[in-house]
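First to last, the protein sequences are chains A and B.
Note that my numbering has the first sequence beginning at 25, numbered continuously upward.
Note that my numbering has the second sequence beginning at 25, numbered continuously upward.
If you're looking for bench data, these hints aren't it; they were derived computationally from the structure.
Hints are supplied without guarantee of correctness; some may be wrong.
Just so you know, same-sequence chains aren't split out, so a pair can sit in one copy or run between any two.
[Said to hold, decoys possible] Distance condition first, Cα-Cα at most 27 Å in a straight line; then the derived DSS-like pairs of lysine-lysine:
#, residue 1, residue 2
1, K85, K132
2, K132, K162
3, K70, K132
4, K70, K87
5, K85, K46
6, K132, K46
7, K46, K87
8, K162, K46
9, K132, K87
10, K162, K87
11, K78, K46
12, K70, K46
Number of protein chains: 2
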Amino acid sequence: MQLTRFSDLALRLLLYLAGHDKPMETTATVRAVSELFNVPYTHMVKVTHQLGRKGWLTTTKGKGGGLRLSRPPEEVRIGEILRTTEPANDVIDCFTQACPLRSACTLKEALDRAYEAFFRELDQYTLADVAAMPALQKLIQISL
Amino acid sequence: MQLTRFSDLALRLLLYLAGHDKPMETTATVRAVSELFNVPYTHMVKVTHQLGRKGWLTTTKGKGGGLRLSRPPEEVRIGEILRTTEPANDVIDCFTQACPLRSACTLKEALDRAYEAFFRELDQYTLADVAAMPALQKLIQISL
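In isolation and in its complexed conformation, chain A is listed as follows (with noise of 0.2 Å):
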């Protein structure tokens, strides 16, 4: 069970957001983020479009603009980002191959409930928790 690639690419570029000493005066840019963590720029481009019609994101144009974070690093919770990254209800399958108890499965219930107990977890832990790692704050040195 593997959260989408989006969610992956999203939580990094936020992580490396929130790992800056003053997080909401930081900007980036797409292209130095997509080479810090090894991704094609094109893909980082889509999700930074994405994460900025969630809200998570702002983008300025011109010199000095960028990326930056919408709110505090303290202010969001991991299960909160990916409650709007995951698609929902999506930890099985119930259509693609017509399963013929689709329409009343206590299973589907009961892994609806496992995926939230994952959400639930995630919300202990706000991106300002998780982006206090000394692994960061050495990639974030290296980028400046």
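Given the coordinates of chain A, work out where chain B should sit on it, guided by the hints.
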């Protein structure tokens, strides 16, 4: 975030066996189960083979033979099944794109705890609990 196709088919098959009146005396053929769930026969062969190796099923050959649950469904927890069918530590892929944080990542720790919370929630349900649904009973009636 979606279960692997293997887990999906494994759960359907185990549910089908668990849903019978006398589940420990029930045998099924791979052919019947694959038709019932609209799943290619060759996929279901692989799933039964793996479930046999993991100890969830026994298979007997010859007349009256087939697939049979190894343990009573009241004693088998859904979380327990999925811990053996899902890849371990797989909720995010730190390696394919060589994430520079992979050696000491607090995000990965949080995700691993959330993954465990997912399984813990599913430990509250036995195979028998989940198999007690009218839609499954109807499906079994059709298949007999």
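Task: Hints violated by the structure (numbers, ascending) - done: Checked against the structure, the hints that fail are numbers 1 and 9, while the rest are satisfied.
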